[in-house]
Every structure is written in structure tokens, then in C-alpha cells.
Amino acid sequence: MGAANDDNEEYEFGDDDTGARPTANDNDTKSTVVARSSSSSSTDSKKSTPADSSVVFSPELLGMYYSRLFPYQLLYSWLSYDPATAKPTNGTNTNKVATTSSSSTFPRREFSMTIEPTPGNEVYIRYQSFLSQDELTSAIIKRRPTKIDIGAVFNHPPKDNKSLPAGKLQTTERELVFDIDLTDYDSVRNCGCDGAKICHKCWKFMGMAIEVMDEGLRSDFAFEHVAWFYSGRRGVHCWVCDDTARKLSNEARSAVASYFEVNLGSEKNKNFHLSSPLHPMLVRAYKILEPNFVSCVLPEEGHGLLATRASWTKLLLTLPNAANPVAAKLEEKWSWSKDDTTPEEKWNELKSALMAFIGKGGNNHNAKQVKSLSNADRLRIEHWPLETVFKYTYPRLDINVSKMQNHLLKSPFCVHPKTGRVCVPIEVDKVDSFDPFKVPTLAQLMKELDEYEATNTDSSESVRYDWEKTSLKEPFECFQKKFLVPLLNEERRAQKEERERRAAIVGDF
Amino acid sequence: MNVAGSIRSRPAPLSDGKRRGYADGIGGGIASSSIDVDMYTDVPSFELSLDEFEEYALARLKVLRKIEEMKTRNLTPEMFRTQLDASIKANLTVTTANNSNPWESKQSSNSNTNMAEASKKLDVASHFILRAAYCRTEDLRRWFLTQECHLFRHRLESVAQTQTGSITDGGGGKKNNDALRNFLANNDFDLECVSRSEKEKLRDKLLSVPSGVNPMDFHNTEYYRVPFVQALELVAKRECYILGGYAYVPLSRIVSIVAAKFRATLSKSLALAAGVFGQVAHDEQARIGPLLKSMNSQYTGPGAPNAVLGADGQEVLTAATVDALAAQSMPLCMKQLHKGLQRDHKLKHMARLQYGLFLKGAGMSLEEHTLFFHKEFTRIMTSDQFNKEYSYSIRHMHGKEGKRGSYTPYNCMKIILGNPPNSGVEHHGCPYKHYDDANLSALLGQLKIGNASEREAIMAHKRDGNFQLACAKHFEVMHPAAASLEGVNLDGVGNHPNAWFSASVSYHNAKSRNGASMDVVKVEGAV
Ligand SMILES: [Zn+2]
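Just so you know, the protein sequences line up as chains A and B, in that order.
Reminder that position 377 of the first sequence reads as 377 in full-length UniProt numbering, one-by-one numbering, no gaps.
Reminder that position 323 of the second sequence reads as 323 in full-length UniProt numbering, one-by-one numbering, no gaps.
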């Protein structure tokens, strides 16, 4: 603890009073700079004016977003974990943000930025850190990063990394993070999307993943401060911010990630098998996922698994060989021209036929045939519906992101350069109604700002931040109310307890 | 804090095998003699002789190296268990009562307790000695931690298995169950017993955890609640039920948790110990520091304490062959002892130990040893005098008198660190360390070791204080291309006189197998 305070003497700039601010270049040379070839990023080279609404993203739009809309105060307050930051400064910005209190982890937090000094020339700068909200703000506005990543909290401010002896800079804490990406669902996306492409049909998978993970993190691990964000394009990020989660060792992170990870088989080896009996976590996941599977995956308007003869034939072929009699019977029945069962009815029919076949469930009229099944076959048939539901809908985590304290993850509130969409918070209660195609783009936001200012000419009204004038108001306020306030209240409670504990110890002597 | 602080050395008891009372502070162990699990959380307070200090450490080192070696091979769990049990039994278990009075051995129950206590002392002391020796660098710490965790886990699993495996004969299983529970209670595990009603309420969930408990035994199974971070291995494999941040674990699976805690605690202790190591090393116990420092390079492989066999598979070292072998295959220190014995027809105490244990380690039997010394000593004394004054100590060295264990042959570090010989009168010690430059240089020339530049290379090592490198260079000069010969094991050459000897004998065996005359080699070397 003492060491962290000592470090404050070392900074050469960053206090608002110091007149001479270093240029971006000065700072860059102190950091790890990695130039990347960016042949892939071609969309940004077109110049456009902010007014052109057909362009969702441009350096100029990004500049305006950073100077007017980016929620610096929310990000700073969150990453400070300091209740003192809960009261935001006035919109006038004349109030200086109080110097970060010594307990705050903010000055030791790594930020990294991807910048484009010239179009098409991407530079990646690691080990940035900032002493205050103002310092963060001016760095972002000046550099106009196309991407901001958030790393771990270190034992020293990471920006001092070059002046520290090798190996001296070590992570001390970090939110537990999860990354779920629709590209990992390519083998089960029957909607026609692949890679970075998404549609409403496959986005449903993200909603299901969020529901399963959120429930697991909260009820199994008792984490309370779990925030979800749209990654701006084709996935979601989860930040678990409880004090206990932030202090987890790498080993513990790996264990939690592995706990949730289910090996769903690969392209090459499509068969995967759940162990028996099924772990309670997976039983619960199935209860969450199966109704979604029935409503979002089976029907024509989903992924059409039981919608056409071709598709159900394909599905029935994935049954264990021992269940061939069931497959044959249902195939014949469903293909009869007068059969008008819905995909949902077919699913239920299939499940009960399988259970009856192995001697579970109601009409067990063929005891002889049941007996002839091996235990292994019986188990495989019993698990088939579970495995099928899981194969399509169980969260596919990129667990490498979760395993290490010092893995960088894109900052919430950034803008995805390909889509121009903001990485907005997702409210878990309303995950079903979250529509990635309705997430505001930069161009749309600029238009909203203009419209607001044209209709509200009275400058005395009480809008504190410009984002309140746009459609970011709802997701940002929700983040503040449902995530940030409870988080900081918790921190306040913990600080108070710590003070009392210390007072009690001192009192003893 | 000071991990080795309370393990004190005292002068080696040479006259008899009497020992002061041991363990006055073994903590954290399972009190039952059948279970050898210890968290090693409390630093013991032992009185150890310097001999024991080293003997204990090497005994444990053998077990840990065995573990390392087994882990590199792909053994089945059963094979791993069996072989490790054998190694523990051979090295870390005292099977003869540590008892100075042989007549007491009739009271067998008493001696069983003694053996258990002696084993316990050996286990605890050797752990702490190696902990001090292996805390110095990151690599050493990691190595020690890894092997110790395997050892700990193996022992704990043995306990848990006895318990779960013996459901049918309820009595024995129950007993161990109690022992394990006591062990947990004594070691402050943050475990909370799940109440009967909560357990019944969670029955379905607890029973649907893979590798869990047989439903038949559920009623009689105790479950514990532990913070999930203490059960990471089970969490990662979904082998426990988790609720509200707690893992629910049956007693038998506590093993994983205890093992994880052992690892974390030991890892932390090693890091702390690294900080105080300097203090231990430069303590007034000046002998312990260097001993600890060299521990990790100690030679424990076959060869040193084992008999050296000739090409015919017979032990080569007898009263009849010792003269020739001293000239052909002994390192400088032993050559000098042999020469001293031939010249003076007697050896002083320290020399008798250094040379006698070397001969014993190289396979000279008690009878041959006595015969050889008798032959030399009786040139200047009567047979009676020899028998009265010297044969006892030879028998003692071979474990036939006093402490019925056995003395270990001295390794280089021990010889180098020992008291320097009284020049001209005593012949023990390490010539590279204890002779001055002029004497050593003259000796090398006199023995016709190598050519002038090779002798200079040996001298350069000596002047740099690298006595063991000088000795290894001597070997290299006398045994050209030894590494390329089949059946020649060079491990420990320069660390242990017995390894030097054994490597040299096998070198000459290989040479004669290959038809080359060893005289040719000698002539080349002598130019
Ligand atoms: Zn799609």
C-alpha cells in the first residue's frame, strides 16, 4: 500500500496545474508502440463530413464523439472503485475532479489505445495510465483512438514501465471478464451468417448466453456486480466487478472459466458427450436454454431445425444408432402429407418417443426391447436432447480472455470502427429486447445532437452531459443506476468496515 | 520465520550412538502412527548432528528426485503409487529402532513407537532442511514445491483411500476418517460442516455431481462448505456443487482442497524463507550455510553409496585389490589417504572416517575392511591393540555397533568444509582445498597426472577456489573420452569421491571390454 503512494512522487506530468503538457509523441516514446499493418481496415480511409448520414464512422465523427459524448465520468468512476467519485462534476467542467484518493486503483490501471496517426497506418500503444479523469479525457480527445482496451491494475502505474526494472511491474487485480462472440457459433448458425456477419436470428444466441452466464455467476459464485456490454459488432463482453472477483488469481480465473466451459465438439469431431449425471449448473442451463431453443432455433423463423423435411431428416440422423427405430417412425409420421404438427410439437414428440424407447416416461409398452439396450446406448439416447440443445445454444466462451489478469479487453463505451456503433451496456432483464441493429451509430448520434439543440434552444435547462441529449441516455443511465451506484455503495460499505476494523485494532493497544 | 533456525547442528557423536530426545515440537501432523501427512506449518525444534542433518536431507532428496523422474515417465497411477511407496519406505521410514540399547528391542511395542517417532522426525526435519536449501532461487523453489506437492498429495490420498476403500470393514475406515478429520481441524481449514437438514435439502444436487458419492452412502457422508477459491481443481472440473460462492465437497474429496492449501502455504513460506536465507547461511552455524547451498547439487544417484562392481559382477574392492585400485581409480583425496596409511601404518581419527566410509561405500565389506586395516596397523602395533582400539570403530562404521543405522560416505562438500588436516600428521581433507599451491603442484607432478598444461588447468581451478572443478578436471585428464563410453556414469564426479571412483572403475572396465589396454592410457597421460 505504501509503495503505491510513493509512486506519486515520480510522475512528471498529469496534474492539471502543470503548465507544460507532454505531447502525444513524448508519451508514446515511453510506451510500447506496435505498428500493425492495416490492409484489412480500408473502410475508414474515405473522408466524410459529419453531416453525411450514410457514413456511420469517420475520424471526424469519432473526434466529435470523444469531445462531446464519451461518458468519461462513468468510466472513471467505475474504474476508480472509489465512492468519492460517485458525485459527478458539473457539466460546466470548471470544477476540478478531486485528486484520486490513495485507495483508488485508477492511476495504476493499464489502458491501451489503437490510433491511426495517418489513415491506414495503425499503431497500438500499450501501458498507458492516467492519474485523473481529466488526464484520461484529454489523452483520448487528443489521440482519438479507434479502439481503447482496458487491462489490469498493476503494482505501479503502468506508464512507468520503461523506468522500472524488468519484471517489477506486476498485475494486482483485474475484473473477471468473459468474451462471447458469434463467430464461434458458425457451425450452428443456419441463418446464413458467418464470420462477422450477424442477423436477428443468430443474435438470439447472445441473449441465451448472457442469461446462462449471468445466472451462473450470480447464484453459483455469488457475484453481484456483473456488467454486460455489446462489443459493437458481433458479440458481448461481461465484466464481473465484485471485489472478490477482481482479486482472483489467474488459477482461479481459469477454474471459473473451465467450470462454465462445455466442450461442444469441433468441426472435425462433431460428437460430444455430457457426463452423467448432469452437473446442477448444466441442469439449470438446460432449463434456461430449452424454451429458447424451442422458440428461436427449431422454427422456420429461427434456424429451421424442425421446419422442413430436409432439416428434420438431418436432425434425426444425429440420433444415436440405437434409436434408429424412433427416427424411422417419426420421419415417416412427420412426412405424411396430412401431418401438421408444429416444430415445437415435433420436438416434444421426439423427446417423449426417446424416453419411452429407453423405458423412461409414460407408456412403457415394450419392455423387451428396452432390456436389449445397453446402458451406454440408453444413456446416449437419454442425453441426446440435452446435447442437441447445448450444441446450439450453450454459451461458447473464448476462455483465454478470462484466464489471465493481464488480458486486455475492449473498453465499454468505445465505438466499433466497422459498424460505427457504440459499445453500450446491455440490461440483462431486457436482454430479449436488445437489438444490435438499433444501437446508435456515430452518424445517428450527431444527428440526434443537432436535432436536440435545434429544438431546445433554452441553454439554461439542466442537461449535465451531452449524451443525455441522445439515445445513449437510456443505456448509460441504466448502467449508472443499476450497476455503478450499487457497486460504489458496496465499496463505501467495505471502506467503512475497514475503517472500523482498523479503529478497533488501534483501540486494543 | 527462520526456517532452519531451530534445527541446530552439534558435533557428530562419534563415540557412541546415544541421542538426545527428539521432537519437542512436531506440529500439524496426524497423530496416528499409520498416517504420515504433515502440513509442515510449525517449524520443529530438533537437535541434529551435522551427519544427521545431511543424511536426512539426502534421504528426502532421493524421494523427491524419484517423484520427478517418475513424473517424466508415463506411469499409471498404480505404478506411481507403488513405486513412490517403495521409495518412501526405503528412504523416509526408520525401520530399525533408533535405540542405543539393543537389549530393549524385546519390548516391541515400545520400539514400534520409537520407529514411528523416528520416522516422523526424519520426515519433518528433512522437509525443513530442504525447504531452507531450496528457497534460494525461483527455479529451486518451483522444483521443490512441485515434488513436495506430489508427495503430500500421495500421502493424503493414501489416507482418504483407506477410508473410502474400506466401507465393507467399517471399523478400519472409520478410524482413518477420524484421523483425517482431526488433521483438518488441527490445520485450520476453513471448512464448515454442512448441516444434516441442508444436506438433505440439496440431496439431488449433491448427488448429481460427477465423481461424487454413491447414493447408498449419502446418508453417512459428511459434506463440507469451502470458499470456492479453495477448491479450484474441483471447480474447474465441475466435480463439486457450487452455491453462493461455496463449493460443497464430501470428506473424501477434501484431498484436492487440502493439497491446494498445502501448495499455497508452502509456496508462500518458500518465498518468505528466501528472504531470510542469507541470515541462515551466515549464521554462527557456519557449517550449515554451505551445506544448504550445495544441497540441490548433491549426488544421490546410484554409485555413491553402492558397491562398485568389476567386469565380472563381483565387488572389486578387497584388501587384496585396494593398492592397485588406489593407484588406478581413486580421486586425489583418497589416494593421499591410502598413501598416508601405507607410510604411517595408521590413520588419525578423521582420516579413518573419511577413508573408511569411502571404502565401505565403494563396496568393501566389513571383513575386508578389517583385514586391510589390520594388515597395515599391525606393522606398528599388536593384533590385540588393533582389535581393542580400532576394530570397534570399523564395525561401527558398518553399522554393527552403536547406532544401528549406517554412516554415509562423505561427499566433496563435506570434506571441503571439514576441519583442515594438520599438515604432515593428518591425511584427511581435500588436497585441492587444503594443500597450498606449491604442495599441490608438486604432488600432481609427482603422480604424473596429465601433461604440464593439463596440470596447470587443474591448478587454475584450485587458485580460483573451484576445488570440485579441479577434481573433475583430474578425472577428465585421467579418463579421456569417458563420456563416450557405454556404461560409464559420470554423474557426481567432482561432487562425491565414491562417484569418481565408481566412474573410473567402470571406465576401465569398458576400456578392457573394448580391448584397449589401460596401460596405454596411462602412458599417454603421463607424458
Ligand atoms: Zn444470422
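A portion of the hints provided could be inaccurate.
[Claimed, not checked] Below, a sample of chain B positions facing chain A; criterion: calculated Cβ distance under 7 Å:
{"#": "1", "residue": "Lys205"}
{"#": "2", "residue": "Pro210"}
{"#": "3", "residue": "Val213"}
{"#": "4", "residue": "Arg238"}
{"#": "5", "residue": "Gly244"}
These aren't lab readings, by the way, just hints derived from the structure by calculation.
The beta carbon of each residue, even a glycine, is placed where N, CA and C say it ideally should be.
Here's how the hints hold up against the structure:
1. Lys205: Holds - the Cβ of B/Lys205 comes within 7 Å of chain A, reaching about 4 Å at its closest.
2. Pro210: With Cβ-Cβ at 5 Å, under 7 Å, it holds.
3. Val213: violated (12 Å)
4. Arg238: holds (5 Å)
5. Gly244: holds (5 Å)
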